[in-house]
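*Asks:* Sequence:
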Amino acid sequence: MRFARYLFVCLSGVLLTAGAQAAEAGQAQTPPSTMPPAAAQPMPGEADGPVRQLSIDDAVALALKNNLGLEIERLNPQIEDEAIAQARAPYLPTLQASFGKSGATNEPRSFTEGSQVYSESGLSSSFTVSQPSVPLLNTQLQATWSGARGTTDILGPSFNPSLQSSLFIQGSQPLWRGLLINPVKTRVEQAVLSRQISDITLRQRVVGTERSVRQAYWQLVGAIERLSVARQNLDLSNEQLRANRVRVEVGTMAPIDIIAAQAEVAGNEEAVITAEAGIRSAEDQLRTLIFDPNSPEFWSARIQPTNAPLLQPLDVNLESAVRTALESRTDIVNARKQLQISDLSVKLAKNDILPNVSLNGDIRASGSGGTRFVYVPGTTQVDNRFDTSFSSALGDAFGFVYPRWNLNVTYSYPIGKEAAQATHARATLQRQQADAQLKQLEMGITQQVRQAARNVNTNYQRVQTTRVARELAEQRLAAQQKRFDVGLSTLFELTQAQRDVVLQRNNELNAVIDYNQSLVDFQLVQVAPLGGGGF
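Just so you know, this note's numbering puts 270 at position 289 of the sequence shown, and the rest follows in order with no gaps.
Derived from the structure by calculation, the hints contain no laboratory data.
Here a beta-carbon is modelled for each residue, glycine too, at the ideal position from N, C-alpha and C.
One or more of the hints may lead you astray.
Restraint-style ranges between C-beta atoms, simulated for each label pair [stated by the list, open to error]:
no., residue 1, residue 2, range
1, P274, T75, 43 to 49 Å
2, E423, A460, 51 to 57 Å
3, K420, V110, 49 to 55 Å
Straight-line alpha carbon distances no greater than 27 Å define the calculated DSSO-like cross-link-like pairs of lysine-lysine that follow [claimed, not checked]:
no., residue 1, residue 2
4, K420, K331
5, K328, K318
6, K331, K166
7, K420, K318
8, K420, K328
9, K166, K318
10, K166, K328
11, K331, K318
Could you build the full structure based on these sequences and the hints that come with them?
*Replies:* Printed below as a string of structure tokens:
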């Protein structure tokens, strides 16, 4: 009898010790850590690569260096540079040159040419410099010089060989259409604005990529913390299963209760597996944003975040944040520049419906040279010869010794301007539409900033309340464990208390991660729209 009493006391002590250990295990599980999370272990079937410790700023720097989306976006400013060069092309002079040689065999065409067949040959060249548009007044200029040398075997008073030099200059000045609104200049201004927009768009993509990286970083931190919570819960359920088996052995618990404890362990093992898979997915999301895809360790490297989630409150100045966003956010700056492009399009369309009145003028001069023979009348005997050099012919041409000029005004206006007027009306309506869209964008930006600020405050309050809820759940679990140890609580109630602790820990973890992500959003929503980045 004494031995049975002694055995009962010993077994009761074992049960109390096991219950106390289980309760202490439940209370020992910590809230979301403010220490850097450890790298997760590789799952079966995945390559075990090197562990790369990364701070959140290091991850952003790697993304700005390696991200394929940014590499593509960086080409757009260069493309726009070429568009500017193309728009400025009419300002560049054009040089055109030609060289030729000719020959002919002719039959006599008049009595002065005799009755014999004669031949002619010649060399010619010309150089033309044209300026399609002078920047100031949209003047069009063109200058052409041409020279020729010709020979013939027919006798006569003409130069043989003959040398010709001529200079021809012409210009056209718009007096109405194209005078105050220079189409070339306007298109250059539009190209420059498009270049600025491409720079701003690149900046927007950079900010969007930074947001994606920071969000993915905190997602990975949260996934690692969720695995830690799942493993702690698995340890707690294993400890509870061990304690229950002891109770069954001493006869204080029915064997059927072991099945419930085993089911709880199996469920917690599944939660660990799911958490490990979540880490792999979060790692892949981050690695595709920051790593060089050509690296041999692109898919095998393990990522170990070194930053812990922030828990301190942020003083949100909503008025200042809204003002900053409305002044300098990338999408509204782009919209304002698009509005300037629309203004220029309206000016171009208005210019096209004006009459075309142009002042046109040209001046030309020529010079001749070569060798002229004077024959004895009635014979082919040379009586005298006169030589005029080619330089003399050039001097006559460039000196305008024998000028001829022309000046006229032309007027043209097509009957019926439906196309041009429709283009102008369309451009005007698009300008009004862009102005309304700008106002709508301003309202949307204000709403987004307010929502981001509200999320910061809301999520910080969630962190505080979920922490209290987690602490109370842990206290309730400890109380249920003590009640269970003395037979005042059922296994179902104890298991439910354990599940409540896990739920509250995950709620607190989610609140902490959401708070850190809302901090990222609040900082970046003032710079760029939150949807402008990624791959």
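*Asks:* Each of the hints needs a verdict: does it hold here or not?
*Replies:* A quick look at each hint next to the structure:
1. Roughly 46 Å separates the CB atoms of P274 and T75, a value that falls within the hinted 43 to 49 Å.
2. The beta-carbon spacing between E423 and A460, approximately 56 Å, falls within the hinted interval of 51 to 57 Å.
3. A hinted range of 49 to 55 Å for the beta carbons of K420 and V110 is consistent with their spacing of about 50 Å.
4. This hinted pair checks out: K420 and K331 have alpha carbons roughly 25 Å apart, not beyond 27 Å.
5. Of the supplied pair hints, the one linking K328 and K318 holds, its CA atoms being roughly 15 Å apart against a limit of 27 Å.
6. Distance check on the hinted pair: K331 and K166 sit about 15 Å apart at the alpha-carbon level, within 27 Å; holds.
7. Pair hint K420 plus K318 holds up; C-alpha atoms about 14 Å apart against a cutoff of 27 Å.
8. Distance check on the hinted pair: K420 and K328 sit about 22 Å apart at the alpha-carbon level, within 27 Å; holds.
9. Distance restraint check for K166 and K318: the Cα-Cα separation of roughly 17 Å lies within the 27 Å cut-off, and the hinted pair is therefore satisfied.
10. For the hint pairing K166 with K328, the CA-to-CA distance comes to about 12 Å; that is within 27 Å, so the pair holds.
11. Distance hint between K331 and K318 is fulfilled; the C-alpha atoms sit about 20 Å from each other, no more than 27 Å.
Hint violations for this structure: none, all hints satisfied.
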